[in-house]
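> Protein chains in written order, with the numbering used here: chain W, 1 to 300; chain A, 301 to 379; chain V, 380 to 702.
Misleading hints may appear alongside valid ones.
What the hints assert, rightly or not - Pair by pair, the computed Cβ-Cβ distance ranges are:
(1) A342/A to G226/W: 50 to 58 Å
(2) T140/W to Y397/V: 28 to 36 Å
(3) E337/A to V456/V: 28 to 36 Å
(4) A279/W to T395/V: 28 to 36 Å
As the list claims (entries may be wrong) - Covered stretches of chain A, going by a simulated chain W footprint (3 or more residues, C-beta under 8 Å):
(5) 309 to 316
(6) 324 to 331
(7) 334 to 342
(8) 355 to 368
It should be emphasised that the hints constitute simulated quantities derived from the structure, not laboratory data. If you're wondering where the values come from, they're calculated on a predicted model, not measured in any experiment. All C-beta atoms, glycine included, are put in the ideal place defined by N, C-alpha and C.
Read off the chains here:
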Amino acid sequence: MADGGLALSRRALDYPASDLSGVIPDEAELTAGVRIRAGHSYGFFTDTTLCIGCKACEVACKEWNNLPADHVGMTGDSYDNTGHLSANTWRHVALIERVADRPTEMRPFQSGWLMMSDVCKHCHNAPCLEACPTGALFKTEFDTVVVQQDICNGCGYCVAACPFGVVDLSADDGKAHKCTLCYDRLKGGLEPACAKSCPTDSISFGELPELHARAEKRLAKLHEIGVSSAYLYGMPDGPGATGGIGHLNAFFLLTETPETYNLPRAPTRPADRVAPSLAAGLATVAALAMTAFAVFARRT
Amino acid sequence: MQSLDGVVTLVQEGRFLMQSDAGPYHVFILSHAAAAEPDQLAALQRDQARVRVRFKRGRDTIAMVAHQIERLPGRAASG
Amino acid sequence: MPEAPSDTARRYDGTTYYGRPQLNQAPFENLVVGSYVFIAGLSGAAQMLATLAEICGVRHSAGLVRRGRYLALLAPVVGAPLLIYDLHTPQRFYNMLRIFRRTSPMSIGTWLLMGFSAASGAAAVCQAAADLFGWRWPRRFARAAQVPAAITGAGLATYTAGLLSATSTPLWAAAPRALAVRFGSSSIAAGAAALALAERRRGSPRIARDLDTIKLAALAAEFAAARASTATYRRKGISAAQTAIPAAVIETLGGQGLGVLVPFALHLAGRALVRRPASAASIATLIGSLCLRVGVMSAGDASARNPQDSLRLAQPEHLSGRG
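Chain W on its own, in the form it takes in the complex (with noise of 0.2 Å):
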């Protein structure tokens, strides 16, 4: 956050020793330039066009959240090495390299590399919320989605239910798992890992409706300097919230199409689908039990 950045740091000064005996009361103020309050929504806007792919966000989130390693290996194909979210990776940074693009002059910015750094989107109507059968998927009073695993009896359901590959089940604990936006941080008022650690604030933590003005803001200043493929998704209704979804808490400002990314362009929400499922079934086995009210009739 370029603007109104310092003047709110200015509180920092009132701790200046590097060793504190604890926590900074609101330290998201000093970080991230928000108070954090129950009963208001938080989110995270993602600039991908900030992103220099350095990871940071992955460690973090993996350090604070004690989240082991996992699918340790050689994708083969990119910097890309994490693959994909899952249960015990909520942040993943995925690199399109675009060796065949080698731009001839120079572009407005960046190479022509894309970087992204994925996370659970924390829709609006969530799809694995409105799946789980326990209710340990719930909403918090910081309007994201966690997963209580003092609840979660691992039916799976919600990883099927996420239109964005989301939610995983661990095959080491059997419940599922995703990105909690640090809910622990935020109830000490702490900004989340992965936006505190990110060096070029490619992903920032904020109020929604303050996000969505800085990203239209961004969106505006990118068109302006020739940056015309921009766009953002996952606003309201937009690219990426469509089909009931709403909005995403965590959204992100594009330059390629949703599926460079591994996004899906119009997602549905799939609680959407039982009544139409449950009806026509229903008219199913009605028609056919009358058909065999007929049938049985004729021997009484």
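Based on these hints, arrange chains A and V on the given structure of chain W.
Here is chains A and V on its own, set in the frame of chain W:
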């Protein structure tokens, strides 16, 4: 099943970090087959408790899967 | 509202992220959950058909009604344990009973199964009391319990299609109505086939023939819906429906071939083919019904693993059509 003694230094959901008596830290995941529940782990972190963990190696993860956690008498030497 | 610029709004060109899956596949064990879906359908339908025969006052139907009540026990006795077995933290199965959520077919199904099990259990216990001790009075209670059992049984016979469709798995989500018709009619066919099989061994051949008629009507509906869903998959570009091996083979050869075409052939060609064509047709229907469920489930997994299937289905042109 292998076993390791050490001090629980950090707990997140059903995962905990343990500094083994030999020195290295290990990430543990509480198995679904364990009798303990994730919310019981918080007390271990609060007390920086010494425990004996019986575990198996994780599948496709660099982590141990804890099947049994036994609290040992005494505490970690602070400092 | 922000809009994607024109070059990003073009038709999907097949781009994927290094060919990696865009979705996570459902972590279900297909044989286990597929068997549950089959058993739930069979039990629900058997209970429904037995209740209908009782209400219609079909002559000599005491055996059919009794067997329907006992067959319905398959859902609570075999089906429910299968579901619990498939949980990844099975000892917490009771957390399913914490809430009711109408957006989650798994929650809806849990309560349908509970209701069905209670009512069918009561009907079966009363029936057993009447059978063992020759008492007449429990029959009235069995009749009373059978009505709610039949109603929840109708739900049990078909909600499993919604269970699959209300996910993001492309093959299950692409044609929810057709899938519901297929599962619903396959359930009725399986219930009728199981009852007909027993009826032929020790009951009235006439009732068995009636059950065969019902079964063939259900199979015809299933076949029509299967054609409709194939057309939808083709239109929406779900390639896994045709190409996933062995899922597509199980679904096509097992579900449609053995489950629908073979029974029709046996009923038409009769004794020219086998000694007991009607019984053979019933067995083929039952195996086909199981194959349909397992085949659809594993084809769904294949479609979730195929990024082109999921990214193509998630195009704006597919937003309005849910059928």
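> None of the hints should be skipped; say for each whether it holds.
Hint-by-hint comparison with the structure:
1. At roughly 53 Å, the beta carbons of A342/A and G226/W sit within the given window of 50 to 58 Å.
2. Distance hint check for T140/W and Y397/V: the Cβ-Cβ separation is about 34 Å, which falls inside the suggested range of 28 to 36 Å.
3. Between E337/A and V456/V, the C-beta spacing of about 30 Å keeps the proposed range 28 to 36 Å intact.
4. The given range of 28 to 36 Å is respected by A279/W and T395/V, whose C-beta atoms sit roughly 35 Å from each other.
5. Counting residues of the region 309 to 316 of chain A whose C-beta lies closer than 8 Å to any C-beta of chain W gives 7; at least three are required, and the coverage claim holds.
6. Under the rule that three or more residues need a Cβ within less than 8 Å of chain W, the assignment of the region 324 to 331 of chain A holds, with 4 such residues.
7. Counting residues of the region 334 to 342 of chain A whose beta carbon lies closer than 8 Å to any beta carbon of chain W gives 3, which reaches the threshold of three, so the coverage claim holds.
8. Check result for the region 355 to 368 of chain A against chain W: holds, 7 residues qualifying (beta carbon to beta carbon below 8 Å, three or more required).
Going down the numbered hints, you'll see the structure goes against none, and every one checks out.
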